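J.: For this one, chain A is given, so just place chain B on it according to the hints.
Each chain, letter by letter, is given below.
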Amino acid sequence: MKLNHREENGVMIVEPKGKIMGGPESTALHDLLHDLIDQGKKNVVIDLGKVDWMNSTGLGLLISGLTTLRKSGGELKLANVTDKIQSLLTITKLVTIFKSYDSVDEAVTSF
Amino acid sequence: MKKPRLLPDGIVIPSSTDYLGDVDQFLEAQLSSAGVDRSVMTDLAISVSELVNNAIIHGNGFDNSKEVDVRFEVTGAEIRIVVCDQGSGFHLEEVDNPIEDRNLLREVGRGIFIVRNFVDEVKVSVSPSGGTCVEIVKKR
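Heads up: the sequence lines are chains A and B, in that order.
Take the first sequence: its position 46, counted from the start at 1, is 46 in our numbering, and no numbers get skipped.
Take the second sequence: its position 73, counted from the start at 1, is 73 in our numbering, and no numbers get skipped.
Rather than coming from a laboratory, the hints here were simulated on the basis of the structure.
Hints are supplied without guarantee of correctness; some may be wrong.
Unchecked claim - Within a straight-line C-alpha distance of at most 25 angstroms, the following computed DSS-like cross-link-like pairs (lysine-lysine) qualify:
#: 1; chain 1: A; residue 1: K84; chain 2: B; residue 2: K3
#: 2; chain 1: A; residue 1: K99; chain 2: A; residue 2: K50
#: 3; chain 1: A; residue 1: K84; chain 2: A; residue 2: K2
#: 4; chain 1: A; residue 1: K93; chain 2: B; residue 2: K138
#: 5; chain 1: A; residue 1: K84; chain 2: B; residue 2: K139
#: 6; chain 1: A; residue 1: K71; chain 2: A; residue 2: K99
Claimed, not checked - Covered stretches of chain A, as calculated for chain B (at least 3 residues, CB under 8 angstroms):
#: 7; stretch: 47-56
#: 8; stretch: 102-108
Only a predicted model underlies this, so the values are computations on that prediction, with no experimental measurement involved.
Even glycine gets a Cβ: it sits at the ideal position worked out from N, Cα and C.
Next comes chain A alone, as it looks inside the complex (with noise of 0.2 angstroms):
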């Protein structure tokens, strides 16, 4: 998994791109997720767009990373949610704790 971020309107936008199975990619998008949070950014949209696929692991660093955020005044928000991805949250009835937009677009636009 390639992971990459960038900063638009105080909103940071994570993208991480391959397949989140719980491997060194795994630890490496919830040490991201925890230095933006260390460093004061307390808005992030994910951009699930180029993500194959993910596995529960994947969802256990979604909501580190949300309810993190949350309890320092911030939110995690999802960009472009796969239809595999959109299926898992549906299955887990994470759909009803994740905010998620059609494009990082509307997603920055939301905070």
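T.: Chain B only, in chain A's frame:
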């Protein structure tokens, strides 16, 4: 340190999540060459990653001297995959329900639940000599 071993019908890895990618690559190559539909392949890739993670973390306790054995069988009607560890096992009915409200924000505990949603059969067997195997079957 042990390394992954490729077998004619599977792959055996040491108990480290560093090797999840090796299992995924092997699975994708096998299923792709058998002409399995992309969506079915992804359901199985996710399911196998869950089972291998469980085997490494909960079965073998990250003990690198122990291994995780993954075997595949592809027929015209279904794909059968067995993931075995060298741990003491668990019972499916003991796994907490991750979609209860009190569990929704837990960071862990969804693996087997996801597997059960993505495949047609899940069976757990514990060997008297030690080790747990989880067998999954998905129709093509």
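J.: Does each hint fit the structure? Answer for all of them.
T.: Against the structure, the hints come out as follows:
no.: 1; hint: K84/A to K3/B; verdict: violated, 32 angstroms
no.: 2; hint: K99/A to K50/A; verdict: holds, 18 angstroms
no.: 3; hint: K84/A to K2/A; verdict: holds, 19 angstroms
no.: 4; hint: K93/A to K138/B; verdict: holds, 23 angstroms
no.: 5; hint: K84/A to K139/B; verdict: holds, 18 angstroms
no.: 6; hint: K71/A to K99/A; verdict: holds, 16 angstroms
no.: 7; hint: 47-56; verdict: holds (count 5)
no.: 8; hint: 102-108; verdict: violated (count 0)
Against the hints set out earlier in the document, violations occur for numbers 1, 8.
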